[in-house]
Each structure stands twice: as C-alpha cells, then as structure tokens.
Amino acid sequence: MKSIQQFFLTVIVLACTLTSSLLNAAEVTRGAMLANSCAACHGTDGKSPGSIPAIYGKPASYLAKALMDFRDGKRPSTVMGRHAKAYSDEEIKLIADFFTR
Amino acid sequence: MNKLTRRDFIKFSGSLGAYSACAGLVSSLSACASKEKKLARVVIIGGGFGGASCAKYLHRFAPDVDITLIERDKQYITCPFSNMVLGGIRDMASITHGYNKLASSYAINIMHDAVTAIDPVAKTVTTAGSGSVQYDRLVVSPGIGFRWDQIEGYDATISQRVAHAWKAGPQTALLRKQLMAMDDGGTVIVAPPANPFRCPPGPYERVSMMAHYLTHNKPKSKILILDAKDKFSKQPLFMQGWDALYPGMIEWVKGTAGGIVSGIDVKTNELVNELGDRFKGDVINLIPPQKAGVLAHIAGLVDKTGWCPVNQRTFESKIHQHVHVIGDACIAGKMPKSGFAANSQGKVCAAAIAASLGGYDMPDPSYVNTCYSLVAPDYGISVAAVYKVSNETIVKVEGSGGVSPKDADAIFRQQEAVYGAGWYDSITSDMFT
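Chains as they are written, first to last, in numbering that gives the first Met the number 0: chain P, 0 to 100; chain U, 0 to 432.
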C-alpha cells in the first residue's frame, strides 16, 4: 500500500520536474540568432521606425538577392557591403527567411 | 508501472491514507500548475543597452520565464547621441527613455531599486528597498566604473565641477552649460583615457560636436585633445573631417608626445601630464580610465584586469555559475565596448539562457557592432563588423566590416549621418518598445 502511494507521489514529482525543465517555447534557431543582429539598425523584426529601410515582410528572394549583391559589390551601399561580407549563401537565406515570416 | 492495476488503485483510494494522499496530490498538482505558469525566474540587473535588450529578447525566446529587470533609475539617458546634446543639435528629452513598454508589452517586472548585494550560492539579489529576490539565472549589465585613483586630484566629487560626461545625464548638462558659458577665444581640453574604455570613437565625436558648436558661436576658440593613446578609432576619417570643417581649431597630442594626463589642479583649471607639464583649460572634459561597473566588483565578478571574464558564447561568468555578465563590463574578445555591442550580447545571452532552461543546445552565436559618429550634423562616418566565436573567443568574421571609405563624397557622408540617426531610432526602439 505504502509503495503505491509512493509511486503516485513519484509520478507527480517526476511530472513536475520534467515540465519545469522544458519551456513552452520553440527553440531559438540559427536564423533568429543571425537575424536578430539586424534589428539594431533595421528595428525589431525589421520594422524600422526611422530612416533605415524596413525589411519586415519583404520577400525572401528579394532580401537574399539584395544581401548577396551587397556582399559581391554588385549593389552600392554605405555599410551593407561591409556587413554582408560576413555571411555565406546559406546564412543569407536563413536571414532572408526570418524577415519574410 | 504494469504492477499498478485498477483494483490496486481502488484499494489504495479506499485506504485510511486516502484522504491525506489526495490532499497531497491536490497540493502537488497545484504546485505543478503554478510552476507551469512561471517555469523559471531570471533577474536582470541594469536597464541599459545590455540589460534592456536581454530582457526583451528573453521574453521573445521564452515567454513563460518570469523576468525581473532591476534598474535604479526611472528613466534612461543614452550615452549614444549625448554628444549631439553637447553640440546643441539635440535636446536631452530626445535621448531619454522609459521602461513602461517593457513592462506592458513583454510582461517584464520592472523594479526601480538599487542592488546592494548578490549571493551567487544562495542565488539571491538584495536591493535597498525590497529585500532579496531569488533567481535561477542572473544577468548583470552594470556598465562602467571609473579608476579615480589614476588621476591625482580627481574623484566623483570633483567631477561635479569638472565633468567626465561619460555617463549621460547631469554630467552632459554640466559640460554643455560650461561650453555655452565660455568666452569666444577660450580653450576646451578633452582628455580621453587609455584602452579599453566605453565607446572608442566617442571622445572624437564629442570633439567634433564641440567644434561644430564653437565654429558657429565662438569661432576663435580652440580644442586641445590630451590623449592617453597614440592612435584612436576612425582616426584618419575624423582628422580628414576636422581639417575640412574646422581648420586650425583642433590640436591632438598623442600619449607618447605628452598626452597622458595624470593629475588635475582644480584651483588653476590645469591638467598635468606625466612629465609635469601643465595645460590650462577654460572648459575641461576629463574622461578617466575605466573598469567594470561598481556592482560587478561588489559581486566579485571581476578579475585582476578590473573587467569580468565570461564564457564568450553564453556570457556566463567564469567566476560564478548561473550569473551572466554582458555589455561594457564583460571581456568580449574583439568586440568594442559600445551600446550596439551590448545590445548584440544581450540577445546572444538571452538565447543562451533560453536554451539552457529549455534543455537544448543554443545555435552558434553571431554578434554585430556598428558605430556611427557625426563629424558634423550632415557628415557621418562609421565602423562596422560581424563577429563569431572561434577558440572560445569572439573574433571578427574574416573579410567583414571596416570603416567608411576615405575617398567618399559629401552625399555618402550625408547618408551616413542620416543612417546614424536611423540607427538611434531603431536600437532604442529595439530596447525599449
């Protein structure tokens, strides 16, 4: 009898412990990690409140091409060329997908 | 598990112990439910570029975490763009921000209180007004402190008369007032410190903004820079701008040429260098050498350099487990001590904490810094870089970053001035709204 009681308590304690180690949130992705850096100039989620172009909701293909063109010197810029040179094609696609959401 | 049958359960429930077992069950379940609502508590100390950004992004990454932001002041006045207040092209209100939206939009508990102690073993933070607060993870973003002992005759009290203005607010207002009261033909001395210090291009943007004000109001005046260093951030770009816009007004004395200030004589308004030479100023802006903010020292988070060693991937202290240090106070590899860098570190730290509490591996960190400086209201320059972790240290991503081109035309400089203001609007909204 006592063992059954203990068993129940163990189940409850275990359930609580398991729940407390798992947040009800999606994992932070590599795309979010890369793209959140952009927010300092382009605003949170790319919603710029000022003179820097907003990038929120722009098509991923447009953003990816713009970043690759900045990187490869095909599109003139003040600072974007210097930033874009840091990213591979794959990283650029992750960033572009993040702002398209 | 398979030993438990329905009959066993009925027998168990009907037993004498049923009542107490059920009561225990109910209280355990309610404890479980309340735990589900708020799964972990993260306390963040310091509501500047690092702390405010970390709080907001942690809520975005893990909405169920109970986040408390402890900040002494009700309003935050940014160091970035405080030079524009000195130059008379911005007012203080335009660089002043509040915490209401962090509370209302991101469910962050804002405590305006002063932290008096941190106990990393008991995992508690003690404040002057509210006793102690328990944490699962602590983030400390205390900014800078000053090494007053490095300048003979200078201390916090004297700085009420001879401003450092390296923390924005009353110090900025004091220096602005002195600049406005100075007669035409006067000499302003600006004395920047040795590395590392907050905002490497800051003193030179300040000189630019002072020169802009003086050129238009007191054109016979001079600015003397007594620099502890032999070179400084964006130096060729600043000097090119000064020659073009403020010819003959600014003199720079480098460290090895007698620029290292070691004392001040307040009675005669003179700065004294290491060689004993004296320099008289009508307005003196003495920026002392720096270390991590006082709270980092109280909490025992600093090493012998006076700054805080951290795991540069997670910003967890190398001294105290479950305590993270971000922003100017931490040792962050190749990243400069800037508001932008602190914002970037705040986000990476938030991701590291969300991953740790969520029981998964954080993605490889990526960090960015961009520092815009105004040489004149319509003349901006910048330095930028993207960073990653390599061999446990933050390094620049090869091939990225750099400074504005030296041969750029007036339109380019104007665009960078406009984008500098856009950066300010974006980063402050990224922190506070």
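Keep in mind that the hints were calculated from the coordinates and are not lab data. Computed from a predicted structure; not experimentally measured. Backbone N, C-alpha and C fix where the C-beta goes; we use that ideal spot for every residue, glycine too. Careful, some of the hints might be misleading.
Each computed SDA-like pair below joins lysine to any residue, with the alpha-carbon atoms no more than 25 Å apart [to be verified]:
#	chain 1	residue 1	chain 2	residue 2
1	U	Lys387	U	Lys279
2	U	Lys279	U	Gly254
3	P	Lys84	U	Ile410
4	U	Lys405	P	Tyr61
Where chain U lies over chain P, by a calculated footprint (3+ residues, C-beta under 8 Å) [stated by the list, open to error]:
#	stretch
5	38 to 48
6	57 to 69
Hint-by-hint comparison with the structure:
1. A C-alpha spacing of about 45 Å is found between U:Lys387 and U:Lys279, which places the hinted pair above 25 Å, so the restraint is violated.
2. Only pairs whose Cα atoms come within 25 Å are accepted, and U:Lys279 paired with U:Gly254 is accepted, the gap being roughly 18 Å.
3. Restraint check for P:Lys84 and U:Ile410: satisfied, since their Cα atoms lie roughly 23 Å apart, inside the 25 Å limit.
4. Among the hinted pairs, U:Lys405 with P:Tyr61 is inconsistent with the structure: their alpha-carbon atoms are about 30 Å apart, more than 25 Å.
5. Interface restraint, the stretch 38 to 48 of chain P with chain U: holds (8 residues with C-beta to C-beta distance below 8 Å; minimum three).
6. For the stretch 57 to 69 of chain P, the stated coverage by chain U is violated: 0 residues have a C-beta nearer than 8 Å to a C-beta of that chain, whereas at least 3 were required.
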